[in-house]
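Taking the hints as your guide, dock the two standalone chains into a single complex.
These protein sequence lines map, in sequence, to chains U and V. Mapping the first sequence onto this note's numbering, position 167 (from 1) lands on 167, and the numbers just tick up by one. Mapping the second sequence onto this note's numbering, position 60 (from 1) lands on 60, and the numbers just tick up by one.
Don't take every hint at face value.
Said to hold, decoys possible - Mimicking DSSO-like on lysine-lysine, the simulated pairs with C-alpha atoms at most 30 Å apart in a straight line are: (1) U:Lys290 / U:Lys307; (2) V:Lys164 / V:Lys99; (3) V:Lys164 / U:Lys307; (4) V:Lys164 / V:Lys175; (5) V:Lys99 / U:Lys225; (6) V:Lys175 / U:Lys307; (7) U:Lys290 / U:Lys225; (8) V:Lys175 / V:Lys99.
The hints are simulated quantities; they were obtained by calculation from the structure and are not laboratory data. These numbers come from a predicted model, not from an experiment.
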Amino acid sequence: MSALRRSVDGRALGGIASGIAAYSGLPVLVIRTAFVALCLVNGLGLAVYAVMWVFLPQTDGRTFQSDRRAQAVLAGLLVLVASTLSALGPLGLLPGGSTVLPVLAAVAGLVLVWQQADLAQRQRWRATASGSQTMLLRLGIGAALMVAGLIGFLAQRGQLASARAGLLSTAVVVAGLALLSSPWWVTMASDLSNERRERIRSQERAEVAAHVHDSVLQTLALIQKSASSPAEVTRLARGQERELRSWLYRTGTSEGSLSGALTQLAADVEESFQVEVDVVTVGDLALTEKLAAVVSATREAVVNAAKHSGVGTVDVYCEVEPEQVTVFVRDRGRGFDPATVPDDRHGLSGSVHGRMERHGGVAVVRSSGGEGTEVRLEMPLS
Amino acid sequence: MTTVVLVDDHRMFRSGVRAEIGDRVDVVGEASTVAEAIELVDRLQPEVVLLDVHMPDGGGQAVIAGVTGPSRFLALSVSDAAEDVIAVIRAGARGYVTKTISADELVDAVRRVAEGDAVFSPRLAGFVLDAFRSDVPVADEELDRLTAREREVLRLLARGYAYKEIAAELFISLKTVETHASAVLRKLQLSNRRELSRWAEGKDLR
Numbered sequence: 001m002s003a004l005r006r007s008v009d010g011r012a013l014g015g016i017a018s019g020i021a022a023y024s025g026l027p028v029l030v031i032r033t034a035f036v037a038l039c040l041v042n043g044l045g046l047a048v049y050a051v052m053w054v055f056l057p058q059t060d061g062r063t064f065q066s067d068r069r070a071q072a073v074l075a076g077l078l079v080l081v082a083s084t085l086s087a088l089g090p091l092g093l094l095p096g097g098s099t100v101l102p103v104l105a106a107v108a109g110l111v112l113v114w115q116q117a118d119l120a121q122r123q124r125w126r127a128t129a130s131g132s133q134t135m136l137l138r139l140g141i142g143a144a145l146m147v148a149g150l151i152g153f154l155a156q157r158g159q160l161a162s163a164r165a166g167l168l169s170t171a172v173v174v175a176g177l178a179l180l181s182s183p184w185w186v187t188m189a190s191d192l193s194n195e196r197r198e199r200i201r202s203q204e205r206a207e208v209a210a211h212v213h214d215s216v217l218q219t220l221a222l223i224q225k226s227a228s229s230p231a232e233v234t235r236l237a238r239g240q241e242r243e244l245r246s247w248l249y250r251t252g253t254s255e256g257s258l259s260g261a262l263t264q265l266a267a268d269v270e271e272s273f274q275v276e277v278d279v280v281t282v283g284d285l286a287l288t289e290k291l292a293a294v295v296s297a298t299r300e301a302v303v304n305a306a307k308h309s310g311v312g313t314v315d316v317y318c319e320v321e322p323e324q325v326t327v328f329v330r331d332r333g334r335g336f337d338p339a340t341v342p343d344d345r346h347g348l349s350g351s352v353h354g355r356m357e358r359h360g361g362v363a364v365v366r367s368s369g370g371e372g373t374e375v376r377l378e379m380p381l382s
Numbered sequence: 001m002t003t004v005v006l007v008d009d010h011r012m013f014r015s016g017v018r019a020e021i022g023d024r025v026d027v028v029g030e031a032s033t034v035a036e037a038i039e040l041v042d043r044l045q046p047e048v049v050l051l052d053v054h055m056p057d058g059g060g061q062a063v064i065a066g067v068t069g070p071s072r073f074l075a076l077s078v079s080d081a082a083e084d085v086i087a088v089i090r091a092g093a094r095g096y097v098t099k100t101i102s103a104d105e106l107v108d109a110v111r112r113v114a115e116g117d118a119v120f121s122p123r124l125a126g127f128v129l130d131a132f133r134s135d136v137p138v139a140d141e142e143l144d145r146l147t148a149r150e151r152e153v154l155r156l157l158a159r160g161y162a163y164k165e166i167a168a169e170l171f172i173s174l175k176t177v178e179t180h181a182s183a184v185l186r187k188l189q190l191s192n193r194r195e196l197s198r199w200a201e202g203k204d205l206r
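Extracted from the complex, chain V is given alone in its bound form (with noise of 0.2 Å):
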């Protein structure tokens, strides 16, 4: 079973989540300050590590930033505003889902994240599709703009398609769909798109 640590600052939420998927994952620790998260993060080195975005002292951000050990992290936030959300992305997060997500999308979601894929809810999608707009001047091609592929997988995905079934859409292979996701989260991560950049900044304050 994937090991995972829930990081949340409500402490209603974790036993829920809890309740939940812990039959189907492996729910090691629970933290509930960015300090906390740190050290028990680091300490347990568990796969996944499920991250509530807004939480004093910083968020989700601050836990991904702070953390040295291999565990990857899947954002779960009830916020729908995009520059929160692009924002944890950027630091480092695998995916974004929302809390309202069933307990099924949710176990599937950390299994992926655990394999290394990345996790589009198709809000995230929606998000990534905006600020990656072909109409805005670019510094970078290849990391600035997405191709063809990648905005067709996103739109299904925003549409609310599974991979499974935009595999089967668009004719190619549940691991070809997720590489294009895969290389739409490096986009994200790693392009200076003045939106991206704007959306990512003083969060901190908070």
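In isolation and in its complexed conformation, chain U is listed as follows (with noise of 0.2 Å):
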């Protein structure tokens, strides 16, 4: 351990006793009890521990987690106290014992908000916006807290009447003050949230120059290469076009659903091949061992219509319906007679047939010479 610092994982507070115990190598436990017993002597612990919070620097932490057990303890401890404090008060053992409560108020509200400001510089850290809600609802309980105490404490003291002329001499300085500087709050505050957007967007435009020069600007410069080659062309073109357009949509792109299998399955097949293969699909699912059954029948009667129809053009729609999901596989190419395949081909009937029966399916191939060749897989989804 290198140095002393508030701990951010497993505090109940500030941090600074889990930190102590981290330096130390004592027990959390006793270094809090430590705290909680000096703060019976005329609120000492309270006093380090707050000075404490203020100057010792942070951990980082990457997990932020508060410790909800060592939270408890410690508000048990805090009740002990101060049940132990109220009852000494009627003894006549301390002076004006019933002080107690509204400065324990007082006390929490500081807490809540102290520990709220730690959380807002790590928000700020990270530039989100979450949990401001949370954020605003735990100031305004801390600073109610405070108030409530502080009204309360002078009450108890009887010193309420005299400190109201003065509370009100302050309070008018003090609306003066922020009047006068409410400006430069207003410049700062816009200042600071114009640098944060401004910030995003030049991480944005990055992101997109990065995307741009690895892709789209490698695939011009084969392009170039391949000027004479006609197919080759076409073939990056494709592949370029179709990785964009998942980039500037977001579609097609979620793995493991049954669509994006499908694009998928197109583009390789098009890589491999120098096909275009066409595919629209309606309605979508979650991947399960049956659909990707599927995937693989349509893969193999892709790759099929790819080698064999001698057409550039491979169509593949899929439709998904409350009881069963529906491939066709489609090429116009120059077709075949299904009945004189010989059995030792195994793309038709392992791949397609097979796969698709082992899972409760079935594979219907039509075709005829010279009008292409059409396959259709049907899977019942129950």
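This is the structure we're talking about:
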């Protein structure tokens, strides 16, 4: 352990006790008890704790988790102290014993607000605006507790009347100062948010530039090199188009969905064979074992069409209905007679028919010479 | 020959289309902005306007809204986003094809739009089937639901079938296929189904 720091992980209030425990190697409960005990000595523990909270730097813990159990223990200890003090009060053992509760209230308010300040700082670093409602709520409660505590304290001491005059003049001065300096506060706040917005924007710009460089510019360079081969140029352009489209619209990239798998399949086949594969999907589902079988069978059918049809386009249509999923793979190529396919040709019989039937589905091939081929894959969902 | 005006803010794309189909249709003018397009189309009154979906100042939708003449619109786009396509169809386009369409298919699509038919690319057919999914409650039975036959026709379109092939597949006439397609287009434009309205909303922001 290098230096004494306020611990962020496993803290109950400000992380002082857990920080000291981590530094010294003592159990955290011992440190906490010591602090609470010191509170009994004219509130010395409280003062020490507060000073340390202000001056000790925080660790850079990532998780920012308060330790609920530690908070409960601490609350218990505080209640113990409070009830001891309250019990001592009526016995005349403490001067003005009834001021204990107001003071405790004020301290609780202070703790809430201070802890909030820590939180606000961390959130600014992360540049997220989430949780601002709870933040306001906590600030409000903290301030209310503080004010109530102070008023209670003064009232108990019977000094409320004399304090009122002083409070009024202080309030007037504070209000005047606030009014006077308000333009600077406003400017500062808007500067800060402008600066943040600008930073986010430049980050986004950098991300877009990086993506365009890695994908589009590289592809354009490749296209210039392969200008003599139209098929290669088409293949490069199609692949880049698909990639850019999925990046822009964030569609078809959803991992683990049926439509995402089909889009990926189309991209793969286009890469390996020089064909266009147009995929149209209606509805979507998360990928299950059954649907994965459908995707594999579809892949086999598309590859067959790419290899044997002799045309440059394959249409894939997938529709999700309540009871079943249907996929059509169609080409307008030379076609064949399904009855004449020899049994040793595994593509159709094994990968398409077999795969579908093993999972309770069915594959129907329709083809005739010169009129292209259509493979229909049906998979019931129940 | 069918008279055509090309509207696209990319000059390269316009000249590419002109070179590809210029000998089979009569390209009477080109426009690169929404304002220019509205003026030109109303002055020349071509039979068909080939319209880019995405342009500054409101895109294809704004052109359709601004033109008062009888010209028909065929939307061309590189976009795969359902909302863009649905929005321009609801604004009044008679069809939608992607910019990668072959010259022959484009000529055929222009001719069909000129005759008042609807043009569905497989992708558009897929979007429409998605938008009219039957498991959503509907307000207007007649407009918000597709008939079984219309659904069948759309399904075949989405599978990549040409009108002629659909007619043969369903044992109906080519004219009947066209009637079904036009009925679907009409429903697409008039239906208030929530998904359709949602898709068509907020497109001026682009």
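Below or equal to 30 Å on CA atoms is what counts here, so check Lys164 (chain V) against Lys175 (chain V). This hinted pair holds, its Cα atoms lying about 10 Å apart.
Given the hinted pair Lys175 (chain V) and Lys307 (chain U), is their Cα-Cα distance within 30 Å? violated, 36 Å
Under the criterion that the straight-line Cα-Cα distance not exceed 30 Å, is the pair Lys99 (chain V), Lys225 (chain U) satisfied? Distance ~25 Å between Lys99 (chain V) and Lys225 (chain U) Cα, so the pair holds.
Measure nothing beyond the straight line between the CA atoms of Lys290 (chain U) and Lys307 (chain U); if it is 30 Å or shorter, mark the hint as holding. Holds. Lys290 (chain U) to Lys307 (chain U) sits at ~26 Å (cutoff 30 Å).
Verify the proposed pairing of Lys164 (chain V) with Lys307 (chain U), using a straight-line Cα cut of 30 Å. holds, 26 Å
Would you check the hint for Lys175 (chain V) and Lys99 (chain V), treating anything up to 30 Å between C-alpha atoms as holding? holds, 27 Å
Take the C-alpha atoms of Lys290 (chain U) and Lys225 (chain U), compute the straight-line distance between them, and say whether it is at most 30 Å. violated, 43 Å
Given pair status - Lys99 (chain V), Lys164 (chain V), alpha carbons within 30 Å: holds, 23 Å
Hint compliance for this structure: hints 6, 7 are not met, and every other hint is.
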